[in-house]
Amino acid sequence: MTLHSFVEITFWISLLAASIRIATPLIFASLGETVVERAGLLNVGVEGMMALGAVSGFLAAFYSANAWIAFLVAIVVGSLAGLIFGLLTVVRGADQIVTGIVLNILALGVASFVYQNAFASANNVPQLHVTTAPLALPWLSNIPWVGRALFAQSPLVYLAYLLVPVFWFLLERTPWGLNTKAVGEHPEAADSLGIDVWRVRLQAIILGGAMAGLGGATIAVAQVGAYVDGMIAGRGFIVLAIVVFGGWNPWRVAFASLFFGAAEALQLRLQISGMGLPNQLLPGLPYLLTIVVVVFVAGRAGYPAAINQPYLRRGLTIMPKLFQKSDG
Amino acid sequence: MKSLEKLIPLVAAGVGMAGVVLSGAGSAAVAAEVKSAYIPCGQVNDGSWSQAGYEGMKAAKQALAKDGIELTVDYTENLTPAKAEAAARDYATRGYQTIVLHCGTFADAAYNAGKDFPKSNFLIVVAPKSVDNVWSYIPAMQDISFVSGFLAAKMSKTAAVGVVASFNFSNVTWQAEGFRLGARYANPKIKTYSTYINSFDDVGKAKEAAQAELDSGADVIYSATDQASRGIFAATEAAGALAVASYSDQASLAPKTVLASALANIPLLVGNVVQMSVKGSLEKSKVYAIGMAGGIGALAMNPEMQQKVPADVMKEVAKLTDDIKAGRLKVPALSEPGKSEQFDLKNLTSK
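Same order as they appear, the protein sequences are chains A and B. Under the working numbering, the first sequence has 76 at position 76, and the numbering climbs by one with no breaks. Adding 1000 to a residue's 1-based position in the second sequence gives its number in the working numbering.
Heads up, a few of these hints could be off.
[As the list claims (entries may be wrong)] Have a look at the derived ranges for each label pair, beta carbon to beta carbon: (1) B:N1045 with A:E172: 27 to 37 Å; (2) A:L135 with B:S1252: 28 to 38 Å; (3) A:L135 with B:E1316: 56 to 66 Å; (4) A:V7 with B:E1341: 19 to 29 Å.
[To be verified] Chain B stretches covered by chain A per the calculated footprint, using a threshold of three residues with CB under 8 Å from any CB of chain A: (5) 1043–1054; (6) 1197–1203; (7) 1218–1232; (8) 1251–1265; (9) 1287–1297.
By construction, these hints were calculated from the structure, which means they are not laboratory data. The beta carbon of each residue, even a glycine, is placed where N, CA and C say it ideally should be.
Go ahead and model the full structure; you've got the sequences and the hints to work with.
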């Protein structure tokens, strides 16, 4: 590949296809985190939840030889992780940042422990072949230029396309979305209107965990067919930046994920272009761009007003006494 | 106290090794006990890097036993660089003669502890220099990656091959550039690519890096990463292309795409430097970058893929291997990405 390649259409098509592939797990996790933050929670534990999704999805795929069962298992495991985070932060009122950090450490350790104990020789587990093969959609994949890049992808990519408008619709056009945003902006007001703040927040964090789990399983099961410790490699933190960058709006969050994916796909291609760009700089390009965008473009966007603030009240209905905050 | 400190090395030298704890000073027994410590990145049973180093420690113990030296091997696992330094200092305080830091990020730990504990030998893997009582040992993988590049170029139908590497750092870069140079040696007109993913474990990024090279026409990809290699295999297998693994034999992980594995033989390297350290035969300031001439680096073909490789190519590979082992062909350690493209191939064989 040389400088000349940049004027060739095949270069741009492969770049677009790669951007979408890299963005897909980020779209899943950041859509979930968008809802979580709109509900007034800040889940710093996305990274760990993605790792749990990756390991549980991989193990499910290994034993069931079915990718869709694997995604389902990852979603369930992610939901449970979300529920734990919710019980600690929503019901017990624990500090969200601290809880998220601790859950990250715990989840990464649990993921590694489970994987190492599932196999006698964990480093010699063969590559799985249940990976969802690209599926070229009829008609759409024949669109000139962009058809194959957009519509000859893994079925999970289409799921991501589908979920973006679904999340937008849920948040912006349903009572559930209104309630979610209300408890994120002004929980007292929401409460006075009869909205069960804890229930709404717990729903949001369970959904967030589920989406993070799906994101992790997308890499382990759909893209690679292997689990490796540390494979989430900071994507859970990138997701936090993407949600800010996307201004808590599903469409813009999806676009922000694509932007990060495109920066990554581009830097990988610039490295092999032999253009003499500094090799120390290129791998950091996606992160640099994300920081720049978050600071200068999305910086003015405001977090939901009640984010990271526990809402504690008496007389609740949904949780057993054990989890209730005492009056004292 | 000062004079005592001076005395101990003298007495120890008389016994034949430095830093032996003199429980019964004066009774200089010949069959001596020497203590060694092993501090890897991970766990000694990880089936990979840390285990390979530990096997080297055990090999040294066995070899030294034949010379009447009883080597004890203790280890501390899973440490951060800061904690590794504390562990190294602790071992040195307790009179350990050889302390092996088998992790690339522990270099500062080794140099710092080395300064304060001159009586112990500190061995640090893949560090830039050896000073005083701190010695660096490096698997010089560019020899075997050169052979891999030669094989890859012979097997490439598109006349383009690539490397996906972890970090642009020391012997990883030597390895990547060695591969590219070996490919050029086989076919001067070949296109070679390299991509650094700044991770040992990011399988997703490794797959996309390999895919970017495949998109640019490459059809054989060399993995100069650790566990992230699985991402490379996923990309080459889906594309019907070939991969070459490194460090350990990974053919069984993806038998349909891994053509061969470039083995590092870490146990041999660690075993040898530890023996030299215990016997006191390490040379001052020498970096032990050991390549194929020293037995480090071998090509393990994937038996399932062997029939795809023409017999005359295997013959050429064997001859190249002999030439490098005998020093007739010297593979340079190129520490900057892209340097292999400018390297004059004539300089490989001339002295």
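Results of checking the hints against the structure:
Evaluation of the 27 to 37 Å hint for N1045 (chain B) and E172 (chain A) yields a failure: the beta carbon distance comes to about 53 Å. L135 (chain A) and S1252 (chain B) have their C-beta atoms about 30 Å apart, which keeps the hinted 28 to 38 Å range intact. Between L135 (chain A) and E1316 (chain B) the CB atoms are about 43 Å apart, so this pair departs from the stated range of 56 to 66 Å. With their beta carbons about 22 Å apart, V7 (chain A) and E1341 (chain B) fall inside the hinted range of 19 to 29 Å.
Counting residues of the segment 1043–1054 of chain B whose C-beta lies closer than 8 Å to any C-beta of chain A gives 3; at least three are required, and the coverage claim holds. Counting residues of the segment 1197–1203 of chain B whose CB falls under 8 Å from any CB of chain A gives 7; the rule of at least 3 is met. With a threshold of 8 Å between beta carbons, the proposed coverage of the segment 1218–1232 of chain B by chain A holds, since 4 of its residues qualify and at least three are required. Interface restraint, the segment 1251–1265 of chain B with chain A: holds (4 residues with C-beta to C-beta distance below 8 Å; minimum three).
Residues of the segment 1287–1297 of chain B lying with their CB closer than 8 Å to a CB of chain A number 0, which falls below the three-residue condition for coverage.
Checked against the numbered hints listed earlier, the structure breaks hints 1, 3, 9; every other hint is satisfied.
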